[in-house]
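Asks: For reference, the chains in residue letters:
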Amino acid sequence: MNPSNPPQAAEYGGDEVSAIVLDPGYSTTRAGFAGEDAPKSLIPTYYGKYNADGQEKYIYGDDIFVTPRPGLSTYNPIGKDGIVEDWDMAEKVWEYSFTSRLTGAKPGNPFQNGLNDIPAEELPTEMEVETEEKPLADSPLLMTEPGWNPAKAREKTIEIAMEKWGTPAFYLARNGVLAAFASGKASALVVDIGASNISITPVHDGMILKRGVQHSPLGGDYISSQIRALFKKNSPQPITITPHYLISSKTAVEAGQEPQARYKTFAADKAPDASYRALLEERTIGEFKECVVQVWPGPNKLSNNGPNGIPNEEAARASPGRPFEFPDGYNQIFGVDRFRVVESLFDAKAAIPDPDSPFPAPTPAQTLPELIKASLSGVDVDIRPHLLSNVVVTGASSLLYGFTDRLNQELMAQFPGPRVRISAPGNTAERRFGSWIGGSILASLGTFHQMWISKKEYEEHGANIVEKRCK
Amino acid sequence: MPPFKDEHVLLIAPGSQMTLAQLGLPETFTPARYRFPTRMFPAENKGEYEPYKVREHKRETKAAPSANGHTEAPKEDVEMKDSAEGAPANNTANGDSNEKSDKPEGENGTDNTQKAVEEILYEEDVTSEEGAVYPIQNGRIVDWPCFFALLTHIYNSLSPPFHTPILLVSQPIWSARDREAITQFVFEKFKVPGFSMMDAALAACYGFGVQTATVVDVGKGKVDVTAVTDFAVNEHGRGIALEGCGGDAMTDRLVELLGQKGFTREMCEQLKRSNIAEILPPGTSLPGTAATARQGVNPAAAASTGEANGADGGSRGLGDGNGNDTNGEDDEGVLDVAAIVSGDTNEYLANMEKEKATNKKGGVDPKQPRLPNSKKERASFQFEEFVQMDGENNTSGTQRYLRHSREIEVGVERFLLATPRQKIGDRLTSGILEDIATQIHHTILAVPDATKRSELWDSLIIVGCGSRVRGFTQALLGVITQKFILSPSATIFTSEIPSTFTTPHHTGGTNTPAPMGQQPGPMYHPAAHGVNPLLVAATHNNPGMPIAPGTPGMDPSIPTHHRSSGHSQTPTSVKTLRLPEYFPDFKDQGNTNAPGVSTGPSATTGGHGMEEGAFLGAQMGAKVFFVLDQGLTKGYMSRVEYNESGPSAIHEYIV
Chain E
1 MNPSNPPQAA EYGGDEVSAI VLDPGYSTTR AGFAGEDAPK SLIPTYYGKY
51 NADGQEKYIY GDDIFVTPRP GLSTYNPIGK DGIVEDWDMA EKVWEYSFTS
101 RLTGAKPGNP FQNGLNDIPA EELPTEMEVE TEEKPLADSP LLMTEPGWNP
151 AKAREKTIEI AMEKWGTPAF YLARNGVLAA FASGKASALV VDIGASNISI
201 TPVHDGMILK RGVQHSPLGG DYISSQIRAL FKKNSPQPIT ITPHYLISSK
251 TAVEAGQEPQ ARYKTFAADK APDASYRALL EERTIGEFKE CVVQVWPGPN
301 KLSNNGPNGI PNEEAARASP GRPFEFPDGY NQIFGVDRFR VVESLFDAKA
351 AIPDPDSPFP APTPAQTLPE LIKASLSGVD VDIRPHLLSN VVVTGASSLL
401 YGFTDRLNQE LMAQFPGPRV RISAPGNTAE RRFGSWIGGS ILASLGTFHQ
451 MWISKKEYEE HGANIVEKRC K
Chain S
1 MPPFKDEHVL LIAPGSQMTL AQLGLPETFT PARYRFPTRM FPAENKGEYE
51 PYKVREHKRE TKAAPSANGH TEAPKEDVEM KDSAEGAPAN NTANGDSNEK
101 SDKPEGENGT DNTQKAVEEI LYEEDVTSEE GAVYPIQNGR IVDWPCFFAL
151 LTHIYNSLSP PFHTPILLVS QPIWSARDRE AITQFVFEKF KVPGFSMMDA
201 ALAACYGFGV QTATVVDVGK GKVDVTAVTD FAVNEHGRGI ALEGCGGDAM
251 TDRLVELLGQ KGFTREMCEQ LKRSNIAEIL PPGTSLPGTA ATARQGVNPA
301 AAASTGEANG ADGGSRGLGD GNGNDTNGED DEGVLDVAAI VSGDTNEYLA
351 NMEKEKATNK KGGVDPKQPR LPNSKKERAS FQFEEFVQMD GENNTSGTQR
401 YLRHSREIEV GVERFLLATP RQKIGDRLTS GILEDIATQI HHTILAVPDA
451 TKRSELWDSL IIVGCGSRVR GFTQALLGVI TQKFILSPSA TIFTSEIPST
501 FTTPHHTGGT NTPAPMGQQP GPMYHPAAHG VNPLLVAATH NNPGMPIAPG
551 TPGMDPSIPT HHRSSGHSQT PTSVKTLRLP EYFPDFKDQG NTNAPGVSTG
601 PSATTGGHGM EEGAFLGAQM GAKVFFVLDQ GLTKGYMSRV EYNESGPSAI
651 HEYIV
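These protein sequences, in sequence, are chains E and S. The first sequence runs 1 to 471 under UniProt numbering. The second sequence runs 1 to 655 under UniProt numbering.
A few of these clues could be false.
Quick list of the computed label-pair ranges, beta carbon to beta carbon [what the hints assert, rightly or not]:
hint : chain 1 : residue 1 : chain 2 : residue 2 : range
1    : E       : 164       : S       : 189       : 45 to 55 Å
2    : E       : 251       : S       : 189       : 53 to 63 Å
3    : S       : 632       : E       : 79        : 30 to 40 Å
4    : S       : 189       : E       : 445       : 30 to 40 Å
5    : S       : 372       : E       : 37        : 43 to 53 Å
6    : S       : 584       : E       : 257       : 31 to 41 Å
Hints are computed from structural coordinates only; laboratory data are not their basis. Values in this document were obtained by computation on a predicted structure and should not be read as measured data. Don't be surprised by glycine CBs; every beta carbon is placed ideally from N, CA and C.
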């Protein structure tokens with residue numbers, strides 16, 4: 001071929017459009033194109049609200065963590081149990097999650113976007129301004145939901161997708177099922193450790209077994225509250241977390257010494273409110289969870305004796321502590337305490353009491369081993385061994401160091417007979433985005449195409465169709 | 001398909017201000033050969049654009065009164081012609097400067113030689129950008145037709161042969177749909193045989209020859225902060241188009257400080273680019289506050305806060321030549337610290353004399369000129385502007401302009417360009433640098449692979465022309481150190497412990513969970529245990545040494561030891577990467593253009609001169625994708641694939 005020859009005229013004619021997978025969680029919202037291996041867009045579900053120039057303004061996305069706004073307060077449209085409470089704002093947050101990185105605000109006018117050659121005389125005049133294009137007008141949408149999502153919420157979801165976003169096709173899938181798919185299993189016992197909830201979802205042949213779905217609020221946020229409780233009764237001095245945005249510089253101090261930092265002050269009318277501070281403190285706590293917190297790996301509870309008769313606490317104490325420095329420069333070694341903050345996920349008695357905590361003291365029924373027991377007793381006896389040999393661990397809080405070992409120990413202690421096998425992806429992203437990845441797989445399957453609820457079907461049958469089709 | 005050749009590769013790197021382009025890959029990579037301002041001017045037809053500002057200039061030729069009274073017709077004639085001639089120029093949008101002057105129409109002219117003819121002249125207007133459309137703002141494409149017109153203009157200007165693939169450096173903020181739209185446009189308009197898009201941050205990593213780095217791209221109106229690990233861009237937590245942090249924000253700050261002293265925005269822009277504007281590391285006292293006490297009473301002392309500048313005016317204003325601005329200033333009587341010296345050479349020399357005299361009066365240390373810029377209280381820079389030539393009258397119809405430069409002196413305001421603005425809008429910012437530092441912290445903390453974080457902190461890449469301001473890198477590192485670096489007492493254990501605690505962990509004691517699934521990477525690297533981590537860290541960050549593939553996985557710094565039970569907090573240190581030394585042209589570029597390379601503390605930091613490192617990376621990428629492996633690694637999308645799967649398939653090729 002001679003480089004000066006013009007290319008042939010063959011041109012692309014079809015329109016291949018990949019579906020968008022939206023996995024809304026309590027702490028973060030994940031969105032991306034089906035068929036990809038990780039969500040392109042990951043935003044906090046928290047949004048900020050403030051007043052400026054006499055009007056209310058909202059901010060979404062990561063920006064909230066970087067620059068505060070005057071009088072900023074933060075909210076979460078999703079309730080503590082993982083069910084949407086504020087539908088208007090949930091819609092906006094979700095919309096931001098895919099418009100910001102995936103679809104763009106709205107497609108340009110096809111007459112003027114430069115992609116079409118239109119003779120000048122055919123250009124429409126001003127009056128022909130189209131009604132505002134909807135953000136998802138050309139992408140099918142697969143959304144996830146927790147296993148205990150009420151029918152009303154499901155109908156509301158499809159309503160938003162169809163009417164507000166204008167999606168041509170929609171499907172609503174349980175996140176437990178999707179997490180099982182992400183591990184390549186059609187039947188599994190999915191243990192999902194999220195931010196607001198931990199949940200156990202038995203999945204059999206791609207369907208959830210509703211009677212076996214269990215959930216309790218001992219998720220990542222609960223662990224954070226335990227960490228706060230620990231800081232409050234810390235031994236040399238109680239630790240207060242001062243987030244980075246309130247500090248202009250810090251000076252190195254010895255471990256356990258009073259912090260020496262220059263603090264930033266905001267004018268009273270400009271200062272972001274307590275909810276913002278709490279959100280930013282959560283960032284530091286998150287770092288603390290990553291760097292310091294450790295799950296007692298077992299065997300046996302932290303408060304019991306180990307197999308060799310030595311109290312586990314003693315053994316934990318003997319292990320070297322882990323240092324952590326707070327944004328204001330205060331730093332300290334955390335010894336056995338770093339095991340205690342998560343122990344109550346397995347042992348309700350081990351909870352660190354804190355009267356100010358928004359979480360009531362956990363009951364034994366809320367702990368992981370009890371939840372799993374309750375879940376299994378809700379399903380058919382025949383499939384229990386199969387589920388136990390396919391335990392899928394997902395959710396970001398399951399990344400706590402040593403979590404899967406402990407879970408393994410607990411399951412083996414509880415179900416000595418059947419073979420217990422935990423499958424927990426080693427890849428951080430796969431663990432954090434398990435249900436999104438499952439959705440990505442599902443929506444890109446050729447056989448899935450018949451499952452979509454089309455716009456036409458929705459118009460014919462109404463929102464109730466989601467109950468019939470998405471089981 | 002025949003293989004692509006080096007000389008047949010088109011690179012385009014669009015930015016908010018400048019779009020870099022180059023046809024062909026030179027033997028040794030050089031800075032971009034072509035720079036197009038990223039702006040177009042609306043053409044006469046709605047929806048079309050021209051690359052140059054063309055001014056319509058009407059002129060009446062003075063002539064004897066018409067004999068036959070046929071005056072109206074020619075005008076119509078000219079107008080018709082005007083639209084007929086305007087259209088082709090718009091459509092082609094080619095590189096010709098559209099200076100076309102209409103000659104009087106033949107037929108009419110011969111008949112009525114004595115009538116008044118109105119001529120329409122087109123001339124390029126170099127002095128103003130009025131009416132310009134900037135299709136990219138803060139990285140985001142805001143005007144698609146204009147953006148496509150710009151791409152067309154660039155393509156036509158370079159006029160590559162048909163068999164030329166295109167590599168486009170993409171902005172992080174472009175959404176997936178944006179990329180698809182561009183892909184569709186490129187394939188269908190230019191009929192290219194191959195097309196690829198390369199993320200700007202990744203391109204910078206290519207340019208610096210590293211696979212794991214934190215790329216800070218300081219642009220015109222925004223900053224992007226991206227963590228790249230093993231050549232993969234971490235989309236989560238990425239700082240995309242952080243507003244109010246780019247070069248414009250610094251200019252705005254200068255305008256705010258100096259505006260009341262008669263500085264125009266253009267002056268502030270040039271001041272920012274000059275080598276006297278400098279960001280001092282945090283905690284440095286401004287000259288004239290403490291360091292220069294010998295200068296006696298100093299009107300600029302109050303300026304250290306950056307707020308009271310306007311309050312006290314200095315007494316050292318100098319006379320000026322014929323500059324309009326300064327004249328106005330004189331009239332207002334607000335002469336102050338920022339004295340403006342202007343005029344042509346003779347006058348300038350005369351002024352220099354005067355200045356010397358004044359300086360002596362002011363008791364300035366005679367050694368002052370030798371001081372580094374950061375110690376000088378006052379300094380001056382060359383301000384260039386277009387001045388209309390006065391001598392000529394407008395009979396010819398064209399206005400001519402002279403590039404005219406004059407010297408302007410400023411005080412300590414030139415050090416304050418990164419301080420927070422007073423009018424901050426909605427953002428409670430604490431200055432550009434702190435915002436960027438916070439974003440870097442956020443971005444690195446969001447990287448899921450915690451073992452990489454320490455390395456990310458130690459390999460900052462600072463690119464983008466906004467970072468050319470002298471001292472920028474140094475000051476940014478200073479802010480990070482102040483705010484985020486962990487104190488040694490929190491990390492001392494990490495260096496003390498290894499000898500005592502690595503052993504029990506490997507035997508699998510009760511307190512050492514064998515990590516299930518998530519194998520800590522450093523475990524694979526037993527050698528690191530015996531080596532002094534500092535030594536390894538030092539050799540590891542050897543400037544100019546390209547990191548061999550595979551090494552980052554065994555990053556030998558502190559986490560190696562600590563990883564045994566989780567991982568440790570970061571950052572314990574922060575460093576910028578040095579540019580590789582095997583592209584001398586990029587270094588030269590830095591030496592000539594970057595203001596900060598001559599002397600002073602900032603000169604030692606890497607990064608300057610490589611603010612266009614992304615373009616270097618793009619050249620490497622193009623070489624690899626198009627020429628070396630000819631598409632084996634799916635580095636580009638070929639036309640065949642486009643025809644089969646459409647624009648959305650570009651996502652599989654974007655690197």
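Asks: Look at each hint and say if it fits the structure.
Replies: Here is how each hint holds up against the structure:
no. : hint                      : in the structure
1   : E:164 x S:189: 45 to 55 Å : violated, 35 Å
2   : E:251 x S:189: 53 to 63 Å : holds, 59 Å
3   : S:632 x E:79: 30 to 40 Å  : violated, 51 Å
4   : S:189 x E:445: 30 to 40 Å : holds, 35 Å
5   : S:372 x E:37: 43 to 53 Å  : holds, 52 Å
6   : S:584 x E:257: 31 to 41 Å : violated, 51 Å
Of the numbered hints given earlier, the model fails hints 1, 3, 6; all others are met.
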